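Engineer: From first to last, the protein sequence lines stand for chains C and H.
For my numbering, count along the first sequence from 1 and bump the result up by 2.
For my numbering, count along the second sequence from 1 and bump the result up by 2.
Careful, some of the hints might be misleading.
No copy is singled out in the list; a pair is fine if it fits within one copy or between any two copies.
[What the hints assert, rightly or not] With a straight-line cut-off of 25 Å between C-alpha atoms, the simulated BS3-like cross-links for lysine-lysine are:
1) Lys191 with Lys39
2) Lys194 with Lys168
3) Lys168 with Lys193
4) Lys350 with Lys193
5) Lys350 with Lys194
6) Lys39 with Lys80
7) Lys193 with Lys39
8) Lys290 with Lys12
Worth flagging that the hints you see were computed from the coordinates, not collected in a lab.
Everything numeric in this text was worked out from a predicted model, so none of it was measured.
Okay, here's what each chain looks like letter by letter:
Protein chains: 2
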Amino acid sequence: MKDKYSGLLKFLILLLVIIIAVWYFVPRTEKETAMPKYVLVIHGGAGTILPENMSAEREAAYREALGQALAAGEDVLKAGGSSLDAVSAAILVMEDSPLFNAGKGAVFNSEGINELDAAIMDGATLNAGAVSGVQRIANPVLLARAVMDNSGHVMLVGAGAENFAKEQGFEFVEPDYFYTDYRWGQLQKAKKAGAVILESDDDLIFLNKDHKYGTVGAVALDNHGNLAAATSTGGLTNKRYGRVGDTPIIGAGTYADNNSCAVSGTGTGEYFIRATIARNICALMEYKGLSLEQAAEVMVHDVLIRMGGDGGIIAVDAAGNIALKFNTTGMYRGFVVAGEEPVIGIYKD
Amino acid sequence: MKDKYSGLLKFLILLLVIIIAVWYFVPRTEKETAMPKYVLVIHGGAGTILPENMSAEREAAYREALGQALAAGEDVLKAGGSSLDAVSAAILVMEDSPLFNAGKGAVFNSEGINELDAAIMDGATLNAGAVSGVQRIANPVLLARAVMDNSGHVMLVGAGAENFAKEQGFEFVEPDYFYTDYRWGQLQKAKKAGAVILESDDDLIFLNKDHKYGTVGAVALDNHGNLAAATSTGGLTNKRYGRVGDTPIIGAGTYADNNSCAVSGTGTGEYFIRATIARNICALMEYKGLSLEQAAEVMVHDVLIRMGGDGGIIAVDAAGNIALKFNTTGMYRGFVVAGEEPVIGIYKD
Numbered sequence: 003m004k005d006k007y008s009g010l011l012k013f014l015i016l017l018l019v020i021i022i023a024v025w026y027f028v029p030r031t032e033k034e035t036a037m038p039k040y041v042l043v044i045h046g047g048a049g050t051i052l053p054e055n056m057s058a059e060r061e062a063a064y065r066e067a068l069g070q071a072l073a074a075g076e077d078v079l080k081a082g083g084s085s086l087d088a089v090s091a092a093i094l095v096m097e098d099s100p101l102f103n104a105g106k107g108a109v110f111n112s113e114g115i116n117e118l119d120a121a122i123m124d125g126a127t128l129n130a131g132a133v134s135g136v137q138r139i140a141n142p143v144l145l146a147r148a149v150m151d152n153s154g155h156v157m158l159v160g161a162g163a164e165n166f167a168k169e170q171g172f173e174f175v176e177p178d179y180f181y182t183d184y185r186w187g188q189l190q191k192a193k194k195a196g197a198v199i200l201e202s203d204d205d206l207i208f209l210n211k212d213h214k215y216g217t218v219g220a221v222a223l224d225n226h227g228n229l230a231a232a233t234s235t236g237g238l239t240n241k242r243y244g245r246v247g248d249t250p251i252i253g254a255g256t257y258a259d260n261n262s263c264a265v266s267g268t269g270t271g272e273y274f275i276r277a278t279i280a281r282n283i284c285a286l287m288e289y290k291g292l293s294l295e296q297a298a299e300v301m302v303h304d305v306l307i308r309m310g311g312d313g314g315i316i317a318v319d320a321a322g323n324i325a326l327k328f329n330t331t332g333m334y335r336g337f338v339v340a341g342e343e344p345v346i347g348i349y350k351d
Numbered sequence: 003m004k005d006k007y008s009g010l011l012k013f014l015i016l017l018l019v020i021i022i023a024v025w026y027f028v029p030r031t032e033k034e035t036a037m038p039k040y041v042l043v044i045h046g047g048a049g050t051i052l053p054e055n056m057s058a059e060r061e062a063a064y065r066e067a068l069g070q071a072l073a074a075g076e077d078v079l080k081a082g083g084s085s086l087d088a089v090s091a092a093i094l095v096m097e098d099s100p101l102f103n104a105g106k107g108a109v110f111n112s113e114g115i116n117e118l119d120a121a122i123m124d125g126a127t128l129n130a131g132a133v134s135g136v137q138r139i140a141n142p143v144l145l146a147r148a149v150m151d152n153s154g155h156v157m158l159v160g161a162g163a164e165n166f167a168k169e170q171g172f173e174f175v176e177p178d179y180f181y182t183d184y185r186w187g188q189l190q191k192a193k194k195a196g197a198v199i200l201e202s203d204d205d206l207i208f209l210n211k212d213h214k215y216g217t218v219g220a221v222a223l224d225n226h227g228n229l230a231a232a233t234s235t236g237g238l239t240n241k242r243y244g245r246v247g248d249t250p251i252i253g254a255g256t257y258a259d260n261n262s263c264a265v266s267g268t269g270t271g272e273y274f275i276r277a278t279i280a281r282n283i284c285a286l287m288e289y290k291g292l293s294l295e296q297a298a299e300v301m302v303h304d305v306l307i308r309m310g311g312d313g314g315i316i317a318v319d320a321a322g323n324i325a326l327k328f329n330t331t332g333m334y335r336g337f338v339v340a341g342e343e344p345v346i347g348i349y350k351d
């Protein structure tokens, strides 16, 4: 009798183990496939970018750098990392490349100094960090992250931002780290043209018809369903000393909110600030029920053009929809969705 | 025959002149009475402001200063001036008073320096100007206005902003212009408390339970139907060198758009930046159809509190509705509507 019950007990325990095992493994697998697929979108600046002005070598170099940035960000997302870490990783590659107007390749201001701006924002918490006017930090996006995580503030500028960087153990580069012949040449050209343009009281922003806004940016949705955005720039060639553009202004060039979307912008920053472009794309989704595509279209092709500004944005929403919009002839850009091949673009399609 | 016609012609010309005269004068008068009535709203900071902690003399001094600021702004509006000029005029009075944390009465940062921020925005054009971290300009709101009108940029910070001020012929004050025993004492108290709080890795912002955010601000609707907003501050006592709060961030502490409303904020600036409070109040009206009252309520009593921030806002919409909202125990504030007596308040009603 006892043995009979014992056999039944063993059978029941075995059954229980099987049920638990099935419950443990099967739903886990289902959950994983039901998780949001990660998405990463990047830009390397918008402007007058035409195939006829681009050598095959230069185009190949841009495509390679954009591909490397996407790969660096995707590595983080594929490993289950956060969207915050992914946008940082993608931007680091572009900051370290001399091709983009951020980090190493930053343009010169009117006094021949490189002043760098960056911002990062976490859509899950609305935490944000930004720096402006730093001159000796190779990767401003990492300093923006440190401001977010460790300063108790959102935005630090100039010498105050560099004091904080020192406290945080950042390495300082010599100012000539940012020197490139190409950017120095641009400043000389701008200064020549600027003298004329200043006489007519016009705006330095419209100095060249073949302008480019070489800001870099990244937005991502990770496997945990969290959005993040980050942007980094050297600003405008020949800009005034101390000028702050849209990049480090939360809501202008950078915004992320899990309730709606994550946006990074590039263009005539003053217009992005005045129209709070990044936040407005999210607000049009959240308050007016527009799709990401529609909201981005309104801001880039309606509001921005009506105001006289140009540029573009990249965005991703909480459902993984993406938008890459620009009202210029080109925008260096790329995106990758989990399980798919990365896509890279430069000109208008 | 010719004379007869000539008489008729004269009569017809006279009739025509009378008709034109009537058309010219009568509708003009009607138009004037149908014009929007001007409205001006100001604040002098929000925080823990309780009647039991306030001497009768101090309260009287605040009420007098707020009354003077309202009168200065109303003079502009009554004379048919612009909302932009009115908000400037009101803020000038508060910047020149030692009672408010702006201009003369600015608090000290952690290095014992006064760093001042200000912004101004024109709702008719979305033009905006902002400065941050200026140390020797008595009236930062005027420098923000100059940035808007003459720099081609929206935001200038630090030494770059002061270089621009020099070009624009601004007078420079000595740093001790901003010295007041009261503010210096606050810094010493904050430093003592801060040392403790830094050990526990907490945030300096929450240093005192009896904190006050002494930002000043003004929003106005003028007789031409145009909205404007401006804000000016000395920031937070014992703040980090180089910290930028919400005041000079377009969309955070300051925003104006004729399509919706004009807002000026005061409070824990970091939260105002992260939630783009000022722009969001306007966006809730424009995109979601909320009233100004409802939109302000959502941002100040829902979003801000949920995030852990406190403070208040003043706002006026294109129809002349006003909102004065705060989630603290008090906010120095006042408003005046064309043809009515000004109203001044300090505590919760």
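Engineer: Compare the structure with each hint and give your call.
Structural biologist: How the hints compare with the structure:
no.: 1; hint: Lys191 with Lys39; verdict: neither (46 Å within a copy, 51 Å between copies)
no.: 2; hint: Lys194 with Lys168; verdict: between (37 Å within a copy, 23 Å between copies)
no.: 3; hint: Lys168 with Lys193; verdict: between (33 Å within a copy, 21 Å between copies)
no.: 4; hint: Lys350 with Lys193; verdict: neither (30 Å within a copy, 56 Å between copies)
no.: 5; hint: Lys350 with Lys194; verdict: neither (31 Å within a copy, 59 Å between copies)
no.: 6; hint: Lys39 with Lys80; verdict: within (10 Å within a copy, 59 Å between copies)
no.: 7; hint: Lys193 with Lys39; verdict: neither (47 Å within a copy, 48 Å between copies)
no.: 8; hint: Lys290 with Lys12; verdict: neither (59 Å within a copy, 61 Å between copies)
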